[in-house]
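Peer 1: Residue numbers (this note's numbering), protein chains in the order written: chain A, -17 to 490; chain B, -17 to 490.
Derived from the structure by calculation, the hints contain no laboratory data. Cβ atoms here follow ideal geometry from the backbone N, Cα and C, with glycine treated the same way. Just so you know, not all the hints are guaranteed correct.
[Unchecked claim] To list a few chain B residues with every Cβ distance to chain A over 12 Å, as calculated: (1) A2; (2) L105; (3) V208; (4) V272.
[Said to hold, decoys possible] Here's a subset of chain B near chain A, in silico, CB distances under 7 Å, partners left out: (5) A(-1); (6) L13; (7) L27; (8) V35; (9) A75; (10) V94; (11) A101; (12) A128; (13) G361.
[Stated by the list, open to error] Residues from chain A shown here face chain B by an in silico Cβ test under 8 Å; the list is partial: (14) A193; (15) H316; (16) T342; (17) L365; (18) R439.
Given next are the chains, with one letter for each unit.
Number of protein chains: 2
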Amino acid sequence: MLCVSAVADSRLLAGGARGAAALRPLVATVLDALADGARERSGPLPRGGPAAVAERVGAVVRGAHVGGGVLPEEGVGADAALAALVGLVAEGAADPADPLCAAHLHCPPLAVAAAADLAASALNPSMDSWDQAPAASELEALTCVALAELVFGARVESGRTADALVTTGGTESNQLGVLLAREAHGTGVRLVCGENAHHSVHRAAWLLGLAPPEVVPAPRGVLDPVALDGVLAGGSVAGGSGRALVVATAGTTDAGAVDPLSEVADVAARHGARLHVDAAYGGPLLFSDVLRPVLAGLERADSVTLDLHKLGWQPVAAGLFAVPDGAALRPLDHRAEYLNADDDTEAGLPDLLGRSLRTTRRPDVLKVAVTLRALGRRGLAELVEQTCGAARELAGLVAADPAWELWAEPELSTVLFRPAGRADGGGDDGCADGGGDGAVAEVRRRLLAEGRAVLGRASLDGRLWWKVTLLNPQVRRGELVALLELVRGALAACAPPGPRGAHGAVPA
Amino acid sequence: MLCVSAVADSRLLAGGARGAAALRPLVATVLDALADGARERSGPLPRGGPAAVAERVGAVVRGAHVGGGVLPEEGVGADAALAALVGLVAEGAADPADPLCAAHLHCPPLAVAAAADLAASALNPSMDSWDQAPAASELEALTCVALAELVFGARVESGRTADALVTTGGTESNQLGVLLAREAHGTGVRLVCGENAHHSVHRAAWLLGLAPPEVVPAPRGVLDPVALDGVLAGGSVAGGSGRALVVATAGTTDAGAVDPLSEVADVAARHGARLHVDAAYGGPLLFSDVLRPVLAGLERADSVTLDLHKLGWQPVAAGLFAVPDGAALRPLDHRAEYLNADDDTEAGLPDLLGRSLRTTRRPDVLKVAVTLRALGRRGLAELVEQTCGAARELAGLVAADPAWELWAEPELSTVLFRPAGRADGGGDDGCADGGGDGAVAEVRRRLLAEGRAVLGRASLDGRLWWKVTLLNPQVRRGELVALLELVRGALAACAPPGPRGAHGAVPA
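The shape of chain A in the complex, shown without the other chains (with noise of 0.2 Å):
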C-alpha cells in the first residue's frame, strides 16, 4: 500500500514494443550501481575476508523493508531493489578488470559482449526448440560450424561439415566428451588422462557411471605420451572393453601448460583410441597466426572443449564443444512430442532438442557472434598476443628477482612462482616457515582478506606455488611490478620475527 508507485516499475516487461523503454530508467540504474560498487570497493576485491562480506550481504537482505529477508511480504520496487542488490555484488565483487585480480581463469568481460547479453536477456529466446527462438537459433547454428571450422578447418572436400554445441563451460564439454565415447564404446570404455587434466574429468566419470580415469603421469606439467602409450599398452585396470578414450588438455588450469598434442594423437591412433582434448583455456590461441602453432595437432581431436568465457572475454556461459564433423553429435538426439513431434520435423521446423542436455537454454552465441563480428579474428588475436605477452613479461620480472623462483616460461598466460631457496614441500604451518609452502597459502589468503590481490595457487612437483592467471588484455607492466611488490611485502609481513628477520627466508 505504502509504495504502489514505485513498486509498478517492478511488473514491466523487459520484451515487446513497449520493453526498451521499460529497461532504459532500469539499466541506468545499474550501470550507476555499478560505477559507485567499484568505487566504493576501490580495489580487486572487498576488504575484510568472507566474514565481512556476509555481514554486509546480511545487513542489506535484511534492510529497512517491510518484512526485510531476501522475500519480503512487500516489494521496494524495481528501482531501489536494483540499487541495493547490484550495488551490493559490485561493492563485494572480486573485479577480474582490476589488474589485481589474477587468481583463476575468470576473465574480465567486454562490454560489447556484456551489452549484447542483455538482449538475450531482455528478448528471453529459449534454444530449445525453432519457435522459441527462430533467429537466435539460425545465429547460433552459424557460429557453432564457423567456431568449429576454427579448430578443425574446413572439411567440405570429405563430405563432413565440422559442428559445435554451446555449453555452459568446460566442465560441460569434457562430460560430453565423455558421453560420446561413453555411447560409442559402452560403459567399459577405458577413460585415460594426464594427471594435469581438469577435475571434471574425474566428476564426468562419476556423473556418467564409468569407471574413473586412469591417469598418466605428467611431469612437469605435461601429459607423458611414453607413459601414456604404456597405459594404453596395458590391460584396463578398471576391468574396461579396452576400447580407449585418451583426454589431454590444450592449457592446464594450473600452469597453462599445453599437452604434446601431435605426439598424443599420434599415441590415440595407434591404439584406436579416440582423443578429446580439453582446449578450455588454450583454444583461443587459434585466432592468432603467430600463437596457433602451440595447438598443433588439436585438429586431430575427436572432440574439443573451447570456452570464450576464458581468453575470449565472454561474460560466462560461453563454452563449446566442437567435432569434426557433426554426424558424431547424432547419439545426443532426443525427442519430445511438444518440442520436436516427427511430423514437424518432416515439416521443416529445425529440430534442435539433440544440440544440448539442457532443454530450456539461454542463446549464449549472441554476445559471441557480437564479439566476433566487432573484433574479427584479428582484434581477438591482438587480445590473446596482448595477454600472453603480459605473461612473459611478468615471467621476466620473476626470473629477474633473485627473490623467487619461476616454475617455468608461460606458454599461455599463467605464471606460476614462490619464494625462492626454498625446496621443501609439504609443510603446511602457515607463516612459521618462513617461505614453503605454509607461507605461499597464507600470503594468497592474506591478500585476499585485505582485499589487496586476488591471487590463485597451484601444487606442482610436490610445492605449492602463487598462481597469476592473466586474463586482462589491458594489464601493464607497472601493475605486474606493482602485484609482485605487494606479494613481497605480504611475505615480510607474515614471515615470524626471528633470526631470519622480517624477510624470513626470503633473499634481500
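With chain A held as given, fit chain B onto it using these hints.
Peer 2: Quick look at chain B alone, frame taken from chain A:
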C-alpha cells in the same frame, strides 16, 4: 585499417572503474535495436517460417563487412556489430511478451530481472569459488535458503535447514534428483514416474547410466496413485535393488496438470521410496495464499525442482533444486586443489564447488534476488494469480463456443483445445482431415509460418490438441478472443474445399 576508431570501442571492458561508462553507449545501441526489431517484426514472431528466417540471418551474417561471415578478418566495431546482430535477433524473435506467443513454458521476462542480469554479465562473478564471487556467493546462499524454506517451511526446530542449488533449469534439477537417489541406493535404484513426467527424467536415467524409468499410467494427465502403488509393490522390471525413487509432477508440460502430491507421498512413504517432485512449472504457486493449496504435499518431497524462468518471469536460466535438509546435498561435494584446498576451507574460505555440477557458473541468483525484493511475495503472488486467471478466462471462452472442445479446466495456466466433433485421433493427413489431428498440427504450423501466433501442441488421450501456455500476466480478454479467432480463421482456410465447405468439420 579502415575502421580503427570504430573498432576501439570493441576492446573496452565491462568491469572496473570505467566499465559503466563503456557500457552506457553500447547499452543504448542495444535498447534501440530491441525497439526497432520489435517494430519491424510487428507480431509474435517473424513471417515466413524457418527458410525465410534463415535467409535473413544469412544475409546479415554475410554482411557487407570485410571478409563477411560470422568471423570476419577485420571487426566492424562494437556499435555496428550490436546494431546488426541484436536487431536481427530482435526482429527474428518469438517474443513471449506478445500475447499471441503462447506455445511453451517460455516466459516474458520482467524488465527488472533483465536489468539485473546485465550486472551479472558486466561483473562476471563465477560461483565456483569465493574469491571469484564474494558478495554474489553470499547472496546466493541466503536466497537459496529462503526459496527452499518457501517450499519446505522453516524446520529450524528439527536442526535441519532447507537449502537449494541454482541450476540451468528443470532438466538439470530433475537430473540432480535422480543423481542423489543413485548415490543413496546405487545404480540398481528403481526410477518410477508417471507417463506424464517430463522427458528430462528419462534423459537423466540415460545420462546417469541407470535403467529407464518404470512408467505408471496417468489417465487424464495425472499420476494414478493406485497404479503407482501397484508398480512399487511389484518387482523391479529392470532387476534393480528394489529401492525406488518416485518422480511426480506439479505442472505437466502438456497440460499444466498437478499430480495428487499428498496421495503420491503417502504411497511413496508406504514403500520406503524417495520422492522427487518436478514443480518446475507449478512451484511458484507457493507465492500465492490463494493458489498454494494446489501444491499440498509438495513439502513432503525429498527434493523439488523449481524454475523461476517460467512462472517467475526471469530470463533463462533461473532453475532451483530444493531439499528439506541441506545435508542431503553432500554427495555432490567435490575437491579441486585450485578452488577449495583443504587448508583454504579450514581457514574459512567458503567451499562452493559442491553447489553445482558445473564449475564456472554465472550468478543467476542476482536477478532472482532483485526480483524477489522488487515485487515481494505479494507482488509475485499477484502475477501468478493474474496469469492463472487469464487461463481460466480463456478456458471459459473455449467452453462457451461449440466450435471447440476443451481438454479440462486449467489447474495452472495451460489451456488445451481442439475442433469439436472430431473424436477420432491418429490421422496425420494435414488439412485433409478437416478437423482432426492433422488439421490441428497444420493450423499450428500455418500460424507459425505466417508469423501470426505461436501455439503449442500436446498429445493426450490419443488425440492432438492445441496448447496455449499463458505466462504473460498482462494478457487481456480481448487478446484471448483474438487468439481464438486466429485459430478459427486458420482452420477454415486449412480445410479442403469440398462437400464440407470452407469450414470443414467445424460447427459454425
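Peer 1: Confirm or reject each hint.
Peer 2: Here is how each hint holds up against the structure:
Remark: the non-interface label on A2(B) conflicts with the geometry, its nearest Cβ contact in chain A lying 4 Å away (cut-off 12 Å). A Cβ of chain A approaches the Cβ of L105(B) within 12 Å, the least distance being about 5 Å, so the stated non-interface status is violated. Remark: the non-interface label on V208(B) is consistent with the geometry, its nearest Cβ contact in chain A lying 26 Å away (cut-off 12 Å). Distance check on V272(B): its Cβ is at least 15 Å (rounded) from any Cβ of chain A, clearing the 12 Å threshold; non-interface status holds.
Nearest Cβ of chain A to the Cβ of A(-1)(B): about 5 Å, under the 7 Å cut. The hint holds. Hint status for L13(B): holds, given a least beta-carbon distance of 4 Å to chain A, under 7 Å. With its C-beta approaching chain A no nearer than about 6 Å, L27(B) sits inside the 7 Å limit, and its interface hint holds. About 5 Å separates the beta-carbon of V35(B) from the nearest beta-carbon of chain A, less than 7 Å, and the hint is met.
Nearest Cβ of chain A to the Cβ of A75(B): about 5 Å, under the 7 Å cut. The hint holds. Hint on V94(B) holds. Least Cβ distance to chain A is approximately 4 Å, under the 7 Å limit. Interface hint status for A101(B): upheld, as the beta-carbon distance to the closest one in chain A is roughly 4 Å, under 7 Å. Look at A128(B): its Cβ gets to within about 4 Å of chain A, closer than 7 Å, so that hint holds up.
Because the smallest distance between the Cβ of G361(B) and any Cβ of chain A comes to about 4 Å, under 7 Å, the interface hint for this residue holds. Proximity of A193(A) to chain B is violated relative to the hint, the smallest CB-CB distance being about 11 Å (cut-off 8 Å). Checking H316(A) against chain B by beta carbon gives a least distance of about 6 Å; that is within 8 Å, so the hint holds. A least Cβ separation of about 4 Å between T342(A) and chain B falls short of the 8 Å threshold, and the interface hint therefore holds.
The closest approach between the C-beta of L365(A) and any C-beta of chain B is roughly 7 Å, which is under the 8 Å cut-off, so the hint is satisfied. Contact between R439(A) and chain B, as hinted, is supported at the beta carbon level, the nearest pair being about 6 Å apart and thus within 8 Å.
Hints 1, 2, 14 from the earlier list are contradicted by this structure; the remaining hints agree with it.
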